[in-house]
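Letter by letter, the chains look like this.
There are 2 protein chains.
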Amino acid sequence: MTLPRDYRGQTCALARSMEIVGERWTLLILRDAFYGVRRFGEFAAHLGVPRAVLADRLAGLTEAGVLDRRPEPGTGRREVYGLTPKGVALWPAVRALTAWGEEFHPADGGPRRVFLHAGDEAPLDADGRCTGCGTAVPVTDVLVAPGPGLAAPGPDADPVTAALAQRHRLLTPLLTTAPTGRSTRGSQR
Amino acid sequence: MTLPRDYRGQTCALARSMEIVGERWTLLILRDAFYGVRRFGEFAAHLGVPRAVLADRLAGLTEAGVLDRRPEPGTGRREVYGLTPKGVALWPAVRALTAWGEEFHPADGGPRRVFLHAGDEAPLDADGRCTGCGTAVPVTDVLVAPGPGLAAPGPDADPVTAALAQRHRLLTPLLTTAPTGRSTRGSQR
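Listed in order, the protein sequences are those of chains A and B.
First residue of the first sequence: 1, per the UniProt record's numbering; consecutive thereafter.
First residue of the second sequence: 1, per the UniProt record's numbering; consecutive thereafter.
Chain A with its partners taken away, still in its complex shape (with noise of 0.2 Å):
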């Protein structure tokens, strides 16, 4: 069954934020996005969607002021995607449906991502606190780190699935490109 985009007679605010969010791979492109992905194909390779799919959703994004295209740091040859202040602001709604999967719905194994306050590095809580020293840590300050149950990428992985291994800043390019043009791992931390 085919539905509109917009929720007609709807207009709390929930409404209005699911008109922007709510597309089916939206939130799994944002998440991303929080991880450091920045290229067109480098969110096609990791997450498997459809490229055209991918394309309404980024330009969807885009025009809603949640992503925007900016120059490559260090290349300037060309556009990436990065979330806006607006796109930051959702860490929290992904933070919680994240964490609702990972309470309700088990990896074997446990987490396959862990998050960390970048400033001594204890797991932060449900609520996106810490739990060393209590802060309520900001989206710069949170480390993705792999969990108990991330398996290890295979030599076939593509490259944001092997860099998402390590530990990783949010927000951080995941990968950069070398002098050669070539694909290579940001800093880790």
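By construction, these hints were calculated from the structure, which means they are not laboratory data.
Be aware that one or more of the hints could be misleading.
Where chains are identical, the list cannot tell them apart; a pair therefore holds if satisfied intra-copy or between any two copies.
As the list claims (entries may be wrong) - Derived pair list, reagent style DMTMM-like, types lysine to aspartate or glutamate, alpha-carbon separation capped at 25 Å:
| # | residue 1 | residue 2 |
| --- | --- | --- |
| 1 | K86 | D125 |
| 2 | K86 | D120 |
| 3 | K86 | D158 |
| 4 | K86 | D108 |
| 5 | K86 | E103 |
| 6 | K86 | D156 |
| 7 | K86 | D127 |
| 8 | K86 | E72 |
Got chain A; can you put chain B on it based on the hints?
Structure of chain B alone, referenced to chain A:
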């Protein structure tokens, strides 16, 4: 473009969450369940969602253990939908997405609804903590109250819309069945 309901190849916790709550209308149905909507006809009238879609979503949420069907308190004659503990655990996600919509796509005149701590009636902050006493307020102690942007319901408003114009504790049934079988408003606090 039709996309499968599951996220093939995606094993992260967020993808598992979105397979359950990421369908169109699902989070709005859950929002109404937090507000105390219990009956099929009330969801249908308040949301304006096609009945076949509503039936599909309620069945899916029940199968996933997010909602359950229970006898209506006080009558025992009919079944109503209620949030299970697994469903109640979605509150941080629903609240975060609502807060994001209020911040970046505000309604004319201000928020339509505000969330207050039942203990001291102070508003909750962006993290769901009470701005009066600092408590991380559990869902059962949250009041939803009309905000400055909520228009007074007209004489033809459906019963849910009319009841939601009153301050009300989350998870408490909005409408109860009087001995005549007619719906009446639940207790307001």
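Hints and how they fare:
1. In the homo-oligomer, the alpha carbons of K86 and D125 lie at most 25 Å apart both inside one protomer (24 Å) and across protomers (18 Å), since each shortest distance falls under that limit.
2. Taking identical chains as interchangeable, the C-alpha atoms of K86 and D120 are never at most 25 Å apart, the minima being 27 Å within one chain and 31 Å between chains.
3. Taking the closest pair of Cα atoms, K86 and D158 never come within 25 Å of each other, the shortest separation being 29 Å inside a single copy and 34 Å across copies.
4. In this assembly of identical chains, the alpha carbons of K86 and D108 lie at most 25 Å apart only when taken from different copies (19 Å versus 34 Å within one copy).
5. In this homomeric assembly, K86 and E103 come within 25 Å of each other (Cα to Cα) only across copies, at 9 Å, whereas the closest approach inside a single copy is 27 Å.
6. Taking the shortest alpha-carbon separations for K86 and D156, neither the intra-copy value of 35 Å nor the inter-copy value of 37 Å comes in at or below 25 Å.
7. In the homo-oligomer, the alpha carbons of K86 and D127 lie at most 25 Å apart both inside one protomer (20 Å) and across protomers (16 Å), since each shortest distance falls under that limit.
8. When the C-alpha separation of K86 and E72 is checked against a cutoff of 25 Å, the pair qualifies only within one copy, where the shortest distance is 20 Å, while the shortest distance between copies is 42 Å.
Violated hints, listed in ascending order, are 2, 3 and 6; each of the other numbered hints is respected by the structure.
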